[in-house]
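2 protein chains.
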Amino acid sequence: MASMNATEPPTARPLRLDTAQSDFEATFAQRLHWSADTDAAFEARVADILADVRARGDAAVLDYTQRFDALPAASVAELEIDPATLRAAFEALPAAQRDALQQAAARIRRYHEAQLEACGRSWQYRDDDGTLLGQKVTPLDRVGIYVPGGKAAYPSSVLMNAIPAHVAGVGEIIMVVPTPRGERNMLVLAAAHVAGVTRAFTIGGAQAVAALAYGTATVPPVDKITGPGNAYVAAAKRRVFGTVGIDMIAGPSEILVLADGSTPPDWVAMDLFSQAEHDELAQSILLCPDAAYLDAVQAAIDRLLPTLPRAAIIAASLNGRGMLVRTRSMEEACALSNRIAPEHLEVASREPQRWEPLLKHAGAIFLGAYTSESLGDYCAGPNHVLPTSGTARFSSPLGVYDFQKRSSLIEVSADGAQRLGRIASVLAHGEGLQAHARAAELRLEDQP
Amino acid sequence: MASMNATEPPTARPLRLDTAQSDFEATFAQRLHWSADTDAAFEARVADILADVRARGDAAVLDYTQRFDALPAASVAELEIDPATLRAAFEALPAAQRDALQQAAARIRRYHEAQLEACGRSWQYRDDDGTLLGQKVTPLDRVGIYVPGGKAAYPSSVLMNAIPAHVAGVGEIIMVVPTPRGERNMLVLAAAHVAGVTRAFTIGGAQAVAALAYGTATVPPVDKITGPGNAYVAAAKRRVFGTVGIDMIAGPSEILVLADGSTPPDWVAMDLFSQAEHDELAQSILLCPDAAYLDAVQAAIDRLLPTLPRAAIIAASLNGRGMLVRTRSMEEACALSNRIAPEHLEVASREPQRWEPLLKHAGAIFLGAYTSESLGDYCAGPNHVLPTSGTARFSSPLGVYDFQKRSSLIEVSADGAQRLGRIASVLAHGEGLQAHARAAELRLEDQP
Numbered sequence: 001m002a003s004m005n006a007t008e009p010p011t012a013r014p015l016r017l018d019t020a021q022s023d024f025e026a027t028f029a030q031r032l033h034w035s036a037d038t039d040a041a042f043e044a045r046v047a048d049i050l051a052d053v054r055a056r057g058d059a060a061v062l063d064y065t066q067r068f069d070a071l072p073a074a075s076v077a078e079l080e081i082d083p084a085t086l087r088a089a090f091e092a093l094p095a096a097q098r099d100a101l102q103q104a105a106a107r108i109r110r111y112h113e114a115q116l117e118a119c120g121r122s123w124q125y126r127d128d129d130g131t132l133l134g135q136k137v138t139p140l141d142r143v144g145i146y147v148p149g150g151k152a153a154y155p156s157s158v159l160m161n162a163i164p165a166h167v168a169g170v171g172e173i174i175m176v177v178p179t180p181r182g183e184r185n186m187l188v189l190a191a192a193h194v195a196g197v198t199r200a201f202t203i204g205g206a207q208a209v210a211a212l213a214y215g216t217a218t219v220p221p222v223d224k225i226t227g228p229g230n231a232y233v234a235a236a237k238r239r240v241f242g243t244v245g246i247d248m249i250a251g252p253s254e255i256l257v258l259a260d261g262s263t264p265p266d267w268v269a270m271d272l273f274s275q276a277e278h279d280e281l282a283q284s285i286l287l288c289p290d291a292a293y294l295d296a297v298q299a300a301i302d303r304l305l306p307t308l309p310r311a312a313i314i315a316a317s318l319n320g321r322g323m324l325v326r327t328r329s330m331e332e333a334c335a336l337s338n339r340i341a342p343e344h345l346e347v348a349s350r351e352p353q354r355w356e357p358l359l360k361h362a363g364a365i366f367l368g369a370y371t372s373e374s375l376g377d378y379c380a381g382p383n384h385v386l387p388t389s390g391t392a393r394f395s396s397p398l399g400v401y402d403f404q405k406r407s408s409l410i411e412v413s414a415d416g417a418q419r420l421g422r423i424a425s426v427l428a429h430g431e432g433l434q435a436h437a438r439a440a441e442l443r444l445e446d447q448p
Numbered sequence: 001m002a003s004m005n006a007t008e009p010p011t012a013r014p015l016r017l018d019t020a021q022s023d024f025e026a027t028f029a030q031r032l033h034w035s036a037d038t039d040a041a042f043e044a045r046v047a048d049i050l051a052d053v054r055a056r057g058d059a060a061v062l063d064y065t066q067r068f069d070a071l072p073a074a075s076v077a078e079l080e081i082d083p084a085t086l087r088a089a090f091e092a093l094p095a096a097q098r099d100a101l102q103q104a105a106a107r108i109r110r111y112h113e114a115q116l117e118a119c120g121r122s123w124q125y126r127d128d129d130g131t132l133l134g135q136k137v138t139p140l141d142r143v144g145i146y147v148p149g150g151k152a153a154y155p156s157s158v159l160m161n162a163i164p165a166h167v168a169g170v171g172e173i174i175m176v177v178p179t180p181r182g183e184r185n186m187l188v189l190a191a192a193h194v195a196g197v198t199r200a201f202t203i204g205g206a207q208a209v210a211a212l213a214y215g216t217a218t219v220p221p222v223d224k225i226t227g228p229g230n231a232y233v234a235a236a237k238r239r240v241f242g243t244v245g246i247d248m249i250a251g252p253s254e255i256l257v258l259a260d261g262s263t264p265p266d267w268v269a270m271d272l273f274s275q276a277e278h279d280e281l282a283q284s285i286l287l288c289p290d291a292a293y294l295d296a297v298q299a300a301i302d303r304l305l306p307t308l309p310r311a312a313i314i315a316a317s318l319n320g321r322g323m324l325v326r327t328r329s330m331e332e333a334c335a336l337s338n339r340i341a342p343e344h345l346e347v348a349s350r351e352p353q354r355w356e357p358l359l360k361h362a363g364a365i366f367l368g369a370y371t372s373e374s375l376g377d378y379c380a381g382p383n384h385v386l387p388t389s390g391t392a393r394f395s396s397p398l399g400v401y402d403f404q405k406r407s408s409l410i411e412v413s414a415d416g417a418q419r420l421g422r423i424a425s426v427l428a429h430g431e432g433l434q435a436h437a438r439a440a441e442l443r444l445e446d447q448p
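Sequences listed follow chains G and X, in order. Going by the UniProt record's numbering, the first residue of the first sequence is number 1, and it counts up by one from there. Going by the UniProt record's numbering, the first residue of the second sequence is number 1, and it counts up by one from there.
What the hints contain is simulated information worked out from the structure, not anything from laboratory work. Because the structure is a prediction, the values reported are computed rather than measured. C-beta atoms are modelled at their ideal positions from N, C-alpha and C, and glycine is treated no differently. Among the clues, some could well be false.
[Said to hold, decoys possible] Taking CB as the label site, the calculated pair distances span:
#, chain 1, residue 1, chain 2, residue 2, range
1, X, G150, G, D82, 43 to 49 Å
2, G, F24, X, F42, 39 to 45 Å
3, X, A217, G, S35, 38 to 44 Å
4, X, E445, G, A299, 53 to 59 Å
5, G, H33, X, A77, 50 to 56 Å
[To be verified] Pulled a few chain G residues facing chain X out of the computed Cβ check, cut under 8 Å:
#, residue
6, A118
7, P155
8, N230
9, G245
10, S408
11, A417
12, A424
Excised from the complex, chain G in its bound form (with noise of 0.2 Å):
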């Protein structure tokens, strides 16, 4: 942790660098470099709650939530949070956060809609000869959600990952979110009122994954697992995945600002600091052509700073894996970008049009002065979970797609079976597969 001394403002230098410079590369890949990787003690100790939890159910899930959570209770049924009591958390809100999740909540809904409306709808198409073919997509049964809790605990992560689900369909979505020393947080159990959450329970960590993999008892087993947690629950969704389906592992959270110049520093200085809020490890990264610029955001950062709560980690963020660097133009800049894959990449640019096409590997693009990471954290619509530590090079956000699945569908006509019989013998034959070859060859009318 950072130590904030009482009397000195925390300073922040994200480390200058130049494209032109020759060691860039090996320095740019040193600070960009972060490694998950865990110990086997570690990974040992996970598989043991999870086996535990597979064998003794409840009790198992009772003994670690009173253990790691300081949460003792009589049974699992007792940690179940009702329904009456989520609404009543959104009822005693006050009036602006109500509205805030609401609208923020109907926002999210409706881009998740557009989603599904574009890509999660069943096809299919007919052969000539009547052959059909295509695929039905279908929502999964029953989904489990989870939400960290204590000092990380996001209402905006409950709507993220439960509103997809349930736009996608999906019959029953359980939260789980763990409650230290039983603080619940209100926001939190409001939020899963509005997102449409149909059971929460408050337990957490390795423990509460086993759970929803495996069932107890009272937590009924889920077919998939979304959302984020502590180096725990990322080990026991990584050990659960195949039992059921699981979201990306996230790593820690990053920005990255391509800038023209345009957007005035104190913008661009603010996004980079809400990235670096989330914690010592978080990235925040701005490429620019213009090293006068860059000067004028680190003067923003240094005026901006002390103006805020969570300076300490945003300066031990900065400063240990913030960058500011000059690139040779904008399109060297976009193609660093392509190389980083970021989790978030804005486009602080006048002409945020001309370098979209250009970017490849992205979580999500924020495009022009006005798009602030944080409007598209929290309400412009498109989901906060986002793939980090450059796997945006072959995952996605969060979306209805994840909570629904396809099925092939071929119904294969009685001419349809003569063409495609002489073309599955064949090919059967030559991998050594009879009994393929023969129930192709059994449909032909000429049967060889």
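On the provided structure of chain G, position chain X as indicated by the hints.
Here is chain X on its own, set in the frame of chain G:
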């Protein structure tokens, strides 16, 4: 391994069950059970191979290839098969195999192009205030395809993995295929040519997965690895998940046939065989309300089994894991199928469209008597890489979508920033993230 007795042909007696039996649930559940659990020593061996390839690159790949595949080489470059060799393998095939490969590839390509059209395109919309929201869909840059060698060398797998990647627009498709003692399967090489593989290496096992995930001096690092393999390959894929994307870890292959008694029993028996011949752990299940029909299928099994070259494997699979289950009704059979979530689901009925809407979870659904699973395996068009072991509850056939990723697009207008900024500010303060709030507030015309 099953043993063949030269004098007595193998017999296959799938377990006969009736859903009305009192012990049905327990017996059925026990017979369904399959676990991929591996021990810690095995996991450690795989971890060591991965770490070694990560550290020593090509040299480690060469060592393991010599040790495990008895294939010595002076460099990994020697293990690359150039495109001309792939083409030559294709051109040297008998005409019937060449044609079958090309026709299968054309049909698989057409299906995946329809899939791209139906669910793989970018989309966007604008709010009244001009704010743009959407998602940009882009292909992965480079993927790796694992193709098993040795006895289970399946050219159809090359088509099924490479064609969706090619249709998605993936820039480079790197194939790895072990060639124990240097034995190359010409159909596999020819299929790589037909499917548009970019580069091919004769390496396999955990070392090939490591080379693709981390890259070596010779093997380029990829963004995602797909394709089936043995326990080493599966464990290695699971471990590199996060560094690269992976497809589902496959268990033994399965078929479930729902029959109303209208399909010739010989056809259904051969379809059960065509799954069972894959390996002794493969599972074939027939559900039917008509006991006499189950008798007729058993008689067909008895008559047809001795005619098949792989009779011993088929018998071992059916005797160890096969089931013929009498259900109370077709409706009950559909409900049971949903609990199993089979990889392959045949609806051997004269009214397949009546039952299809009742079927929620399956990798691929084969409708009607003419639609043998083997037609789908090779050439109907849909992918034969399907979720196994009940994972169809939450996952999908391999498809174009596995070789694409999505980036959210957000461009908030100046007007939009006023409305959204107020919502984001309330929620960010509620989460204690003041820099997030300030970033939104800086864009307000009337700053609080």
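We went through each hint and held it up to the structure:
no. : hint                        : verdict
1   : X:G150 / G:D82: 43 to 49 Å  : violated (57 Å)
2   : G:F24 / X:F42: 39 to 45 Å   : holds (43 Å)
3   : X:A217 / G:S35: 38 to 44 Å  : violated (22 Å)
4   : X:E445 / G:A299: 53 to 59 Å : violated (24 Å)
5   : G:H33 / X:A77: 50 to 56 Å   : violated (29 Å)
6   : A118                        : holds (4 Å)
7   : P155                        : holds (7 Å)
8   : N230                        : violated (16 Å)
9   : G245                        : holds (4 Å)
10  : S408                        : holds (4 Å)
11  : A417                        : holds (4 Å)
12  : A424                        : holds (4 Å)
Hint violations for this structure: numbers 1, 3, 4, 5 and 8, all remaining hints satisfied.
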